[in-house]
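J.: If you read the sequences in order, they're chains A and B.
All letters in the first sequence, in the order written, are residues 1 to 322 by UniProt numbering.
All letters in the second sequence, in the order written, are residues 1 to 322 by UniProt numbering.
These are computed hints drawn from the structure, not numbers from a lab.
Just so you know, nobody snuck in bad clues.
Which copy is meant is left open, because identical chains are indistinguishable; a pair holds if it fits in one copy or across any two.
Computed cross-link-like contacts, DSSO-like style, restricted to lysine-lysine with a CA-CA straight-line distance of at most 27 angstroms:
{"id": "1", "residue 1": "Lys177", "residue 2": "Lys302"}
{"id": "2", "residue 1": "Lys98", "residue 2": "Lys81"}
{"id": "3", "residue 1": "Lys302", "residue 2": "Lys291"}
{"id": "4", "residue 1": "Lys122", "residue 2": "Lys177"}
{"id": "5", "residue 1": "Lys81", "residue 2": "Lys122"}
{"id": "6", "residue 1": "Lys243", "residue 2": "Lys275"}
{"id": "7", "residue 1": "Lys122", "residue 2": "Lys99"}
There are 2 protein chains.
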Amino acid sequence: MHQNEQRTLAVIGTGVIGNGWITRFLANGYDVVAFDPAVGAEARTHQNVERAWISMEEIGLAEGAARNRITFVRTIEEAVKDAYVIQENVPEREDLKKKVLEEIDLHANPEAIIGSSTSGIKPSTLQENLTHPERLIVAHPFNPVNILPLVELVGGQGTEQTTIDRAVEFYESIQMKPLVVQREIEGHVADRLMEALWREALHLVNDGIATTEEVDAAIVYGAGLRWAQMGPFLTFHLAGGEKGMRHMLEQFGPALKLPWTKLEAPELTDELKEKVVEGCESHAGDMSVSKMEDRRDEFLVKLIDLVEDYWPESRSLAKSGQ
Amino acid sequence: MHQNEQRTLAVIGTGVIGNGWITRFLANGYDVVAFDPAVGAEARTHQNVERAWISMEEIGLAEGAARNRITFVRTIEEAVKDAYVIQENVPEREDLKKKVLEEIDLHANPEAIIGSSTSGIKPSTLQENLTHPERLIVAHPFNPVNILPLVELVGGQGTEQTTIDRAVEFYESIQMKPLVVQREIEGHVADRLMEALWREALHLVNDGIATTEEVDAAIVYGAGLRWAQMGPFLTFHLAGGEKGMRHMLEQFGPALKLPWTKLEAPELTDELKEKVVEGCESHAGDMSVSKMEDRRDEFLVKLIDLVEDYWPESRSLAKSGQ
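Isolated chain A, as found in the complex:
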């Protein structure tokens, strides 16, 4: 594959996720060839890219990046034949995804990377019937795809390590933060976490404890602010005072037995405790809890200052013209 061929990417399926990929690819200076059988798909994509482009200019465009370097074609074959990376984003149905991937497999360059945006299906399942399963990888992004940096990369039993390595390089080159998931499971990692929170949220609404708006407020004004900088483990590492996660698990570990949430907790064995404590301590490196608190606080003060214009009640105020 020639260098200039690496400038062409294919996007199969142009819903919310597909259009996010198109915007990100174009803003990073690529040519994009797209396929979607839906009526009006091309017009919707142009509309979406147009809307999102202002953000991409703000973030900074790659040299030569242009909104019009996209072509819609009539077949999957035409879309994928010259593409360096093929991003598949058809609806989340296993039979449909497998059928589309088989068609892609038939026409793609053997050296291409085929990335599936599936949020739940394992790569080993997707690659079952492919002639070149070694180039298939799950590359699962987060909405809005053109802005959020996370992409989960998951190889299946048939995926070659070089595909994973090349995928890391490619997604990093388009300003993303690839998280290589070591063991494939349904829902990968991030959606497992989000789905747990989502299910609990549905229970709270279903049981009449809180409205959807109250559930959202319970996240936005509290934990949500912390999670932009620090995940659940480091957050609790800092809740334990100077002794960090070790103290936290001693103090709050017993609460795992309480009937909070309808999610059954794992047994807090010594082995699990050690895994968690060592994970946090190694992640924290030689930075003390108090030093990390300083960083967190400095960040949070700036964040709240930023976010105040965007919080729900400022939206309401904006609405009523005040």
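Chain A is already provided as a structure; the job is to place chain B on it using the hints.
T.: Just chain B now, kept in the frame of chain A:
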């Protein structure tokens, strides 16, 4: 109670949460009287207030606010007798909390508000043996208490509505966003959501799917960024395209049946669907999904720009002196 007596607040228990309250109260111009039987508590509080004060100056101090307007006393009686609001933050053990609250109840002004920081216990349980249960409320904050605005207010069976109303007024006056929880349950609302995510995170680590660092990355670079501005419901409202939550539930509803997470999902009945869709639509008001997307994107671009200096790898870089 005279106006000037309303300038005195009591803090019972000065761990991470109690010290956060003290800092917030002082920064808002109050006098604070504190009690904690632990050796060295007073010194630790001064150290904590000192460390946190730089953030409070950044946020903006109330007129007359001073770090030294705090007094440690030797008994709960002395601490609470002249206080307008008494904030209880002793360790999360039901028997201990009840004992301390009975002591507070004995000496507090009948018109005082007694706020418990409990993260899990129901107010009806806490007020069981009080002479004046009507002034007891759960006022559950989030770490760091001096910076994060969320406080969950939950009344029990014995709590008077006026106590809830006065509490809303008080916590708003110290720059917080009170969320009045209509029905008391263990863990209130926010901690139910966080605990669900936390339990799933422990499962992922326990099952060897991801390290603590990878779990954190899966939040920080994706959903965590969105949650600073928008909770799980509005987030999914925007994932559904122009038709919002209604389309989202049609498309992803079936995934609730999948074995993602170990949290069992509620049955997605028509009634629950309507509750969720109507909740989102009423929350969104007359703002279209596409208008909300514009706001979200504008916010996210600014947020990522801000957060880049605070993300884990920038910490690692800082550590190695690069």
